[in-house]
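A.B. asks: Sequence:
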Amino acid sequence: MDENTRYQVLRNDEEQYSLWPADIEVPAGWQPVGKEGTEAECSAYVDDVWTDMRPKSLRERMENAGA
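So the mapping is simple: the working numbering equals the position in the sequence shown, first residue as 1, plus 301.
Note that these hints are calculated values from the structure, not bench results.
Hints should not be assumed to be uniformly reliable.
[Stated by the list, open to error] What follows is a list of derived Cβ distance ranges for each label pair:
no.: 1; residue 1: R362; residue 2: E304; range: 35 to 45 Å
no.: 2; residue 1: R362; residue 2: N305; range: 38 to 48 Å
no.: 3; residue 1: S358; residue 2: G335; range: 21 to 31 Å
Please read all numbers here as calculations on a predicted model, not as lab measurements.
A virtual CB, placed ideally from N, CA and C, is assigned to each residue, including glycine.
Work out the full structure: start from the sequences and follow the hints.
C.D. replies: Structural data, given as structure tokens:
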């Protein structure tokens, strides 16, 4: 990652996030969330939206176990 690269934010089915160079094809299993910018801008976005680091499947199992 460098300061001249433009990034996009990706999310997978487990609702985990990643920064990815905007000019490189999105890897299988990941979808763009519509946020592009500098590394700092994208990192700040991820910090704001990814508040629970547990994978979606784990969160659902824990919620079902408590029900």
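A.B. asks: Look at each hint and say if it fits the structure.
C.D. replies: Hint check:
In this structure, R362 and E304 meet the distance hint of 35 to 45 Å, their C-beta atoms being roughly 40 Å apart. Evaluation of the 38 to 48 Å hint for R362 and N305 yields a pass: the beta carbon distance comes to about 42 Å. With their beta carbons about 24 Å apart, S358 and G335 fall inside the hinted range of 21 to 31 Å.
Against the hints set out earlier in the document, no violation occurs for any number.
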